[in-house]
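Taking the hints into account, I'd like the entire structure generated from these sequences.
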Amino acid sequence: MIIADKAVLAGTARDASGPGWSSLRLLVKSDGMGFSMTETRVFPGAVLNLHYKNHVEACYCIGGRGTVVELESGTSHDITPGVLYAPNAHDRHEVHVTGPEALHLICVFSPALQGDEVHGPDGSYASS
1 MIIADKAVLA
11 GTARDASGPG
21 WSSLRLLVKS
31 DGMGFSMTET
41 RVFPGAVLNL
51 HYKNHVEACY
61 CIGGRGTVVE
71 LESGTSHDIT
81 PGVLYAPNAH
91 DRHEVHVTGP
101 EALHLICVFS
111 PALQGDEVHG
121 PDGSYASS
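In my numbering, the protein residues as written are 1 to 128.
Keep in mind the hints are simulated off the structure, nothing from the lab.
Honestly, I wouldn't trust all of these hints.
[Unchecked claim] Now the in silico label distances, taken between C-beta atoms and shown as ranges:
#: 1; residue 1: 18; residue 2: 71; range: 16 to 26 Å
#: 2; residue 1: 4; residue 2: 111; range: 16 to 26 Å
#: 3; residue 1: 76; residue 2: 10; range: 27 to 37 Å
#: 4; residue 1: 1; residue 2: 99; range: 29 to 39 Å
#: 5; residue 1: 75; residue 2: 11; range: 34 to 44 Å
#: 6; residue 1: 54; residue 2: 75; range: 16 to 26 Å
#: 7; residue 1: 75; residue 2: 5; range: 32 to 42 Å
#: 8; residue 1: 7; residue 2: 73; range: 37 to 47 Å
#: 9; residue 1: 76; residue 2: 32; range: 34 to 44 Å
#: 10; residue 1: 8; residue 2: 111; range: 21 to 31 Å
#: 11; residue 1: 1; residue 2: 76; range: 36 to 46 Å
[As the list claims (entries may be wrong)] Straight-line Cα separation of at most 35 Å, DSBU-like style, residue types lysine-lysine; simulated pairs:
#: 12; residue 1: 53; residue 2: 29
#: 13; residue 1: 29; residue 2: 6
#: 14; residue 1: 6; residue 2: 53
Every residue, glycine too, gets a C-beta built ideally from N, C-alpha and C.
This is the structure we're talking about:
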């Protein structure tokens with residue numbers, strides 16, 4: 001059984017961050033589950049240009065407000081608590097925070113993240 005306590009993980013290599021975001025990696029590749037799970041916050045005013053070429057991701061919003069824009073089509077989706085978005089075809093997308101508080105997400109990645117990744121210049125994580 002795996003028990004992950006965010007109070008214990010905070011400040012470790014599993015507590016990753018970059019411009020406009022922070023992500024606590026609750027499950028990672030070394031846990032052997034085949035996927036990873038993160039608690040991620042995108043900060044007010046942030047716009048993240050992302051392209052997960054090596055992973056698929058599903059994000060479930062538990063707080064805040066934002067918009068996800070599919071860059072190929074320009075289609076925009078409002079993200080609020082209770083809404084999930086999943087760029088399942090390695091879609092290039094932007095995440096915009098539209099409210100006064102952080103967009104708070106629970107995210108699942110496949111294949112699993114190592115745990116200390118940050119976005120490369122193209123908005124992706126390296127292959128794990």
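Structure-based check of all given hints:
The hinted window of 16 to 26 Å between residue 18 and residue 71 holds, with their beta carbons roughly 19 Å apart. Between residue 4 and residue 111 the CB atoms are about 18 Å apart, so this pair conforms to the stated range of 16 to 26 Å. At about 33 Å, the beta-carbon gap between residue 76 and residue 10 stays in the expected band of 27 to 37 Å. For the pair residue 1 and residue 99, the supplied restraint of 29 to 39 Å holds, since their beta-carbon distance comes to about 37 Å.
Look at residue 75 against residue 11: about 38 Å separates their beta carbons, and that is inside 34 to 44 Å. The hinted window of 16 to 26 Å between residue 54 and residue 75 holds, with their beta carbons roughly 23 Å apart. Remark: the range hint 32 to 42 Å for residue 75 to residue 5 is upheld by a beta-carbon distance near 38 Å. Between residue 7 and residue 73 the beta carbons are some 41 Å apart, a value that agrees with the proposed interval 37 to 47 Å.
Under the hint 34 to 44 Å, the C-beta atoms of residue 76 and residue 32, about 37 Å apart, fit the expected range. Under the hint 21 to 31 Å, the C-beta atoms of residue 8 and residue 111, about 24 Å apart, fit the expected range. Our hint of 36 to 46 Å for residue 1 and residue 76 holds, since their Cβ atoms are close to 41 Å apart. With a C-alpha separation of about 18 Å, the suggested pairing of residue 53 with residue 29 holds against the 35 Å cut-off.
Pair hint residue 29 plus residue 6 holds up; C-alpha atoms about 17 Å apart against a cutoff of 35 Å. Distance check on the hinted pair: residue 6 and residue 53 sit about 28 Å apart at the alpha-carbon level, within 35 Å; holds.
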